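J.: Generate the whole structure from the sequences, applying the supplied hints.
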Amino acid sequence: MNDPTPFRPYAQGTQPPYDVPEYRGTNKRHPKHALHALPHTVTETTGPRFSPAHFPPAVDMTINTSGKPALGERIIVAGTITDENGRPVPRTMVEIWQCNATGRYDHPADQHDAPLDPNFHGEGRVFTDDNGRYRFITIRPGAYPWPNHKNAWRPNHIHFSYFGPAFATRLITQMYFPGDPLLALDPIFNGVPDAHARDRLIAQFDLDITQPDWALGYRFDVVLRGRAATPMEE
Amino acid sequence: MAIATASQTIGPYWHLIEDSTWADLTRFGAEGENITLTGAVLDGDGQPCADACVEIWQSDPPVSEKFPGFGRSNTDSKGVFRFTTLKPGPVPGRGNAQQAPHIAVTVLSRGLMRGLVTRAYFQGDKLNETDPLLMSVEDPARRATLIARPDGAGVWRMDIKLQGDGETVFLDV
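Residue numbers (the numbering used here), protein chains in the order written: chain A, 1 to 234; chain B, 1001 to 1173.
Warning: the hint list may mix true and false statements.
Where chain A lies over chain B, by a calculated footprint (3+ residues, C-beta under 8 Å) [said to hold, decoys possible]:
#1 1010-1019
#2 1045-1052
#3 1083-1093
#4 1100-1108
#5 1161-1172
Honestly, the hints are just simulated from the structure, not real lab data. Model, not experiment: these values are computed from the prediction. All residues carry an ideal CB built from backbone N, CA and C; glycine is no exception.
T.: Here it is in structure tokens:
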């Protein structure tokens, strides 16, 4: 029986370490032992499949059951998901969550003194098309304080969860906005050692995605791990 | 060659995307040996991680309309996650090896810049003695962190210690 083709190891410095002293939450949660090597097996090279039939898309996060629009600056976020070999990742599920325009999450643990928007929950779900493209509509999230250090504020960001074709391609990340002065001060963003890898977490303003008289557009392209060698094709 | 996008923490507010039914992998009608897989996620002080997202993936039984193979559970105030699933059988390893029945487990949380991946094997399974991953963990005490123990009828328990004494073996996937 042929061994499954493994996925590439992550390129050096392009993923954050577990121990980021400036990010206080990592202090008691990072393992002290090195990760244990595991050659990829069928467990790592296969993964879940999500179909829109079971997991209905929620493409416009500004529309909700109340029928009233969410408050804030409406934006369009779009991009392409490819793998490290440059191939699109088709029909994969993308989960999205974020705070509202005032910097408050619709979540009981968020006690920031900023108003909730009853017309914005902050949850979305989209699927890429056959060419790995996705697009959704939301509100530009606000900045908010957090207790990591004195006068600490998270830059504006949107959370993303990606699955890709295999257990080994799972990715959770955050998308940031260009020109945000808080980026230079944020220990989570700066927890990624490689400057280029960090910059790729920042969406690009895109006039082609921008819809005239309606909403600004941002491009956020994502790369998931690719297989180390090209499998034989039929 | 493109380089994979960097990971960022899932943070404390991931519950916005939570659907608690995902913790039950039998919800679409899959039939087999039903089990509960549970345990607590604990930090370096032994304190519960009450805001974690725990995900499981198993390649056996094969994914079907009735069996998603994937589940997600939150952790409660005691750090406890809980899944209902079907007990996996052995799956092929690399070369001619066979892998003992196991479930892949990922912990995501505030304070984790990336997910931590481990596996839950089942105590008492004869194949554990020849499983390539278990055999590659030389220290028996560390190896034991990968093995769930029976905790009542059909219930398997494996605590996950992120740091310090009894630290779980995490895998470089």
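J.: Each of the hints needs a verdict: does it hold here or not?
T.: Hint check:
Here the region 1010-1019 of chain B counts 8 residues with a CB under 8 Å from a CB of chain A, which clears the bar of 3, and the coverage holds. Residues of the region 1045-1052 of chain B lying with their CB closer than 8 Å to a CB of chain A number 4, which satisfies the three-residue condition for coverage. Using a Cβ-Cβ cut-off of 8 Å, 3 residues of the region 1083-1093 of chain B lie near chain A, which meets the minimum of three, so the contact claim holds. Judged by the Cβ-Cβ criterion of 8 Å, the region 1100-1108 of chain B is covered by chain A as claimed, because 4 of its residues qualify and three suffice.
Note: the region 1161-1172 of chain B has 9 residues with beta-carbon separation from chain A under 8 Å; the three-residue rule is met and the coverage holds.
Consistency with the previously given hints is maintained throughout, with no hint failing.
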